[in-house]
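First residue of the sequence shown: 635, per the working numbering; consecutive thereafter.
No wet-lab data here; the hints were simulated from the structure. You may find that some hints are simply not true.
Said to hold, decoys possible - Label-pair ranges, simulated between beta-carbon atoms:
hint, residue 1, residue 2, range
1, ALA661, ASN683, 29 to 35 Å
2, LEU701, ALA663, 58 to 64 Å
3, ARG714, GLU684, 30 to 36 Å
4, ILE659, ASP697, 55 to 61 Å
5, ARG680, MET719, 28 to 34 Å
6, ASN683, MET719, 22 to 28 Å
7, ARG679, ALA654, 33 to 39 Å
8, LEU682, VAL662, 29 to 35 Å
9, VAL662, MET694, 26 to 32 Å
Using N, Cα and C, we set each Cβ at its ideal position, and we do this for glycine too.
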Amino acid sequence: MTADDPILTCVLAQSNSDAAVRLAIWAVALIVVVIAFGVALMLLRRTLNEEDDAPGEGLMLDDLRKLRDSGQITHEEFQRAVDSMAGRVSGPPQEGEEKNTRL
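Please model the entire structure based on the sequences and the hints provided.
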């Protein structure tokens, strides 16, 4: 068998073709795995961010106002709750400074 033998040339071309097909299959598989991992990561981040968007104190103040207006809590209870929330948000008053808790 010489290098000019058509059978040998055909066999070598076929083995190179098989290697190229196997390489292409592995490349496509790798791309699919990377895309699937990216989608999973995106969904995980979206799920974690939704948990962070819980209602804050603004909603609580609105709820307290509704309770006060409907008569379920007294004005004094409402004011204590507002003072308590304002104290947590603003921290302790500075010397010579009054807390502003008016709504």
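How the hints compare with the structure:
1. ALA661 to ASN683: 29 to 35 Å: 33 Å, holds
2. LEU701 to ALA663: 58 to 64 Å: Since LEU701 and ALA663 have Cβ atoms about 59 Å apart, the given range 58 to 64 Å holds.
3. ARG714 to GLU684: 30 to 36 Å: 33 Å, holds
4. ILE659 to ASP697: 55 to 61 Å: 59 Å, holds
5. ARG680 to MET719: 28 to 34 Å: Roughly 30 Å apart at Cβ, these two residues keep to the hinted range, so it holds.
6. ASN683 to MET719: 22 to 28 Å: Holds - the Cβ-Cβ distance for ASN683 and MET719, about 25 Å, lies within 22 to 28 Å.
7. ARG679 to ALA654: 33 to 39 Å: 37 Å, holds
8. LEU682 to VAL662: 29 to 35 Å: 31 Å, holds
9. VAL662 to MET694: 26 to 32 Å: 53 Å, violated
Checked against the numbered hints above, the structure violates only hint 9.
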